[in-house]
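**Q** Sequence:
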Amino acid sequence: MYKNIRMAALATAAVTLSSFGFGVVIVSSLGVPALHAQERREFSPDRAAARLAERLNLTEAQKSTVQSYLQDQQSQMQVLRNDTTLTRDQRAQRAREITQQTRDKVQSILTVEQKQKAEDLRTQARNRVQERAGEQFDRTARLLDLTTEQKTQMQSALDSQRTQLQALRDNTSLTPEARREQAQAINEQTRNNIRSLLNPTQQQKLQDLRESGRGRFRGPMQQGGPRGPAGPRGQRQGR
3 MYKNIRMAAL
13 ATAAVTLSSF
23 GFGVVIVSSL
33 GVPALHAQER
43 REFSPDRAAA
53 RLAERLNLTE
63 AQKSTVQSYL
73 QDQQSQMQVL
83 RNDTTLTRDQ
93 RAQRAREITQ
103 QTRDKVQSIL
113 TVEQKQKAED
123 LRTQARNRVQ
133 ERAGEQFDRT
143 ARLLDLTTEQ
153 KTQMQSALDS
163 QRTQLQALRD
173 NTSLTPEARR
183 EQAQAINEQT
193 RNNIRSLLNP
203 TQQQKLQDLR
213 ESGRGRFRGP
223 MQQGGPRGPA
233 GPRGQRQGR
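Note that the sequence shown covers residues 3 to 241 in this note's numbering.
FYI, nobody ran anything at the bench for these hints, they're computed from the structure.
Keep in mind that a hint or two might mislead.
Unchecked claim - Using 35 Å as the maximum straight-line C-alpha spacing, the simulated DSBU-like pairs for lysine-lysine come out as follows:
#1 Lys-65 / Lys-107
#2 Lys-117 / Lys-65
#3 Lys-65 / Lys-119
#4 Lys-107 / Lys-119
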């Protein structure tokens, strides 16, 4: 449990940078921000502020201010991680609040030009994600030897999943628990739909790939759940 809490805290601590176009976005229906391997091991406010300063051409004063914001966020995340009185949903909600507060504070010190640069970086990041998503889909189709019809039907199923998860993320009336449960249902339905498109040989091949990869192979059915506007990524679906 504590490992998951730590990863959620690190992920939300990095969301501020990810929202400005830094970091890799996981190939998922909601474009959930991911951490580089180095950042997953240890999030550094100093390095993060330096990256932001370089990309957005921050002044020394801005860089110092951002650094203090990120240090404060890291401290709050550490306290949150150690708070055993909270439920998982309460912890996730608080993580979203901390991250959103940090994001708002960073945004408030940017000039108009810097905000535009940040938006440009976000767009570039989205484009890279779309390219990688296409490459991943093509790789899966090749490994499973899908027919043209199967590829079309599978892409349709994934597009439907993305649309449903996007709508779910935008539904602010739901509690985190309800959102997670609905995401799990959507993802399970998508997995079932895709399995129904595969013949027995392809189904076994997919299972073999997932088992042999032990987390390294991420086929099109391994989609993440939704998160809040600034929160950690939803619970990953099991194999």
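**Q** Each of the hints needs a verdict: does it hold here or not?
**A** The hints, checked one at a time:
{"no.": "1", "hint": "Lys-65 / Lys-107", "result": "13 Å, holds"}
{"no.": "2", "hint": "Lys-117 / Lys-65", "result": "15 Å, holds"}
{"no.": "3", "hint": "Lys-65 / Lys-119", "result": "16 Å, holds"}
{"no.": "4", "hint": "Lys-107 / Lys-119", "result": "17 Å, holds"}
In the structure shown, no violation is registered for any of the earlier numbered hints.
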